[in-house]
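Here the protein sequences come in this chain order: A and B. Numbers 1 to 326, taken from the UniProt record's numbering, label the letters of the first sequence in order. Numbers 1 to 396, taken from the UniProt record's numbering, label the letters of the second sequence in order.
Hints are not guaranteed to be accurate.
As the list claims (entries may be wrong) - In silico PhoX-like pairs for lysine-lysine, Cα to Cα no more than 20 Å straight-line:
1) A/K46 / B/K175
2) B/K132 / A/K108
3) A/K23 / B/K132
Note that these hints are calculated values from the structure, not bench results.
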Amino acid sequence: MATMTIAKAINEGLRASLTNNPKSLLMGEDIGHLGGVYRVTDGLIKEFGDDRVVDTPLAESGIVGTAIGLALRGYSPVCEIQFDGFVYPAFNQITTQLAKIHARSLGKLTVPVVIRIPYGGGIGSIEHHSESPEALFAHTAGLRIISPSNAHDAYWMIQKAIECQDPVIFFEPKRRYWLKGEVDVDNAGLSEDPFKAHVVREGTDATIVAYGPLVPVALAAANAATEDGRSIEVIDLRSISPLDFDTVEASVKKTGRLIVAHEAPTFGGIGGEIAARISERAFLHLEAPVIRVGGFHMPYPVAKVEEDYLPDIDKILEALDRSLSY
Amino acid sequence: MGSTQLPPGTEETLAATTAAAAAPGEPVEMVQLLGPDGTLGSDPVFSDYAKRIDPEKLRVFYTDMARIRRFDQEATALQRQGELALWVPLTGQEAAQIGSAHASQSQDYIFPTYREHGVALVRNVDLAELLKQFRGVSNGGWDPRENNFHLYTLVLAAQTLHAVGYAMGIQRDQKLAAADSTDPKAAVIAYFGDGASSEGDVHESMVFAASYNAPVVFFCQNNHWAISVPTEVQTKVPLANRAKGYGFPGIRVDGNDAIAVHAVTEWALEHAREGRGPVLIEAYTYRVGAHTTADDPTKYRESAEEAAWREKDPLDRLEKYLRTEGLADEAFFDQVKADGDELAKYVRSTTHGLEVPDIRDAFASVYAEQHPLIAEELAWFEEYSAGFESDQEAAN
Chain A
1 MATMTIAKAI NEGLRASLTN NPKSLLMGED IGHLGGVYRV TDGLIKEFGD DRVVDTPLAE
61 SGIVGTAIGL ALRGYSPVCE IQFDGFVYPA FNQITTQLAK IHARSLGKLT VPVVIRIPYG
121 GGIGSIEHHS ESPEALFAHT AGLRIISPSN AHDAYWMIQK AIECQDPVIF FEPKRRYWLK
181 GEVDVDNAGL SEDPFKAHVV REGTDATIVA YGPLVPVALA AANAATEDGR SIEVIDLRSI
241 SPLDFDTVEA SVKKTGRLIV AHEAPTFGGI GGEIAARISE RAFLHLEAPV IRVGGFHMPY
301 PVAKVEEDYL PDIDKILEAL DRSLSY
Chain B
1 MGSTQLPPGT EETLAATTAA AAAPGEPVEM VQLLGPDGTL GSDPVFSDYA KRIDPEKLRV
61 FYTDMARIRR FDQEATALQR QGELALWVPL TGQEAAQIGS AHASQSQDYI FPTYREHGVA
121 LVRNVDLAEL LKQFRGVSNG GWDPRENNFH LYTLVLAAQT LHAVGYAMGI QRDQKLAAAD
181 STDPKAAVIA YFGDGASSEG DVHESMVFAA SYNAPVVFFC QNNHWAISVP TEVQTKVPLA
241 NRAKGYGFPG IRVDGNDAIA VHAVTEWALE HAREGRGPVL IEAYTYRVGA HTTADDPTKY
301 RESAEEAAWR EKDPLDRLEK YLRTEGLADE AFFDQVKADG DELAKYVRST THGLEVPDIR
361 DAFASVYAEQ HPLIAEELAW FEEYSAGFES DQEAAN
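Chain A extracted, bound-state conformation (with noise of 0.2 Å):
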């Protein structure tokens, strides 16, 4: 068992698919001889060469739209898109082309594209550095969305990413690429199937769902519920699309209650299908109504005040206390 960060997770991961497949490769601004703006591809390029680890123009639909003709030829691309916010210029090739054209062959073209973004903010950074976008493509059917948030998922989750035959947006928790965390490099454990959620920790009074950034104050926050008597359970869903809502639902007629905790704006987010969907699943079984922590509908606020913006521990312990209140 080796501990590493997830930035390093990550960097290992691509390191071995690009072993594997020798069709596979990473393509982005600066990922060859930087290393990545976060070093997350760093070295790569010495040992597999500027043909597997591409240096691109500085230019996101080109990216995208290049990987797309790519995977067409029969390669497995991986992008790197430099941060959340500068993923928009490449939106059209994403949602009009990358997503669809498998369902427009009638099944017959495959485009295995992988997109790593950096996503959410709380690093103190300028605008278009710290959005978490992936509702807008959570709801475009054809791509599928994960987030790791940890080491040994993160090591995981890109192999399998690199290896699904559809579209994979890859959404890398920046603000936690140095949490150490151990990583099974042997064996996937329970980490094999990358849409599964995972239980991180258990609990009878209360669930709480997040994931990527939010895990660990999710966590944060059930282990000072403890000091209140409460026993809270913690759902990291790994997988936006698909969403595992089997383990939600199952987690939330034990418990009744269901808090959902993401970065991105609560309006029109990822909560709010997890709640609407939970009240048709196990409407009988809620004790309270299901409650959002999510940021607010607004641009992302400047890093000085993004404290207040985002979900932290205390948002999320008062969410619980009224959940608990009814």
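Position chain B against the provided structure of chain A, taking the given hints into account.
Below, chain B without anything else, positioned relative to chain A:
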């Protein structure tokens, strides 16, 4: 643009084009071999390529142009009769499409936009399958890998990037191939229009193509109108000149001259296949009809302009040439007409017979791998549908 990239003589052609660009509105040099009067001229570079076209090939050009025009008329009529949701006419652009498509080889992969019915014909796509999209029974219609002819793309210019990526894949395949591989070298053609040339993806595709020296030929059919907006609003310089800014050759060719189009495209594809990088061809042509059956050209352009372009008709000029040179007789033209009528009949009958898919097929192809939400929604739909069946049974 380095002169090493161009065959001798092309620089002069391009220099003239560039000079004209400095004075908008001035006539621009372009490669033309077969003039509107049906006489064959010469070009210092491309005549050599034109000489490769034997009389039989010229008759094939004419036949294909006539067939696709007849098909176009039939499809337009079918739309008017309510049999197609929309039609995108190509009349006027036959030479650009038939001439360029015949220059491609089977190993070359083609990314069309949505008006390349003539290219589809040459690449042996069943024209009934091509109508599926316009009939509203499919978003594709044919297997792109069978003839290396990709599905139509309705979002303007998106396919130009796919073409460059595909070409980058060809480069990698050639590197991975064994040294003794006898596979023929391949290139890619990306078709787009003058309207699409304003899209950012065309720019990005040319940047990527140049950066990686990708074996891709950008084939822009400048048909002068992006629905109702003229080329002048898309560009202040001849579109072919833009290639210079990216560092690869750009050639304007008379798009109504099948011989010149073929010659230029053949040169460009050889250039690309041999690893000398991308080429931009601007086929200077005209869309005689509407952009689609949904618009009305009389609202945005003068009939005199249309009439002037009809004088440059691609079929008329090749017919004149074939007749003058004694390369085709009356029986040939009668046969072409009969073939066209036969094709129209086929299209009429097959259109009516195009099978309406089951929505279950759509569930089946959203993802390549199993996706629980799809399974869940399909199960709901099955149960919902079964409810109607049991109601029906109860009523019986």
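* Asked: Can you list which hints this structure breaks, lowest number first?
  -> 3
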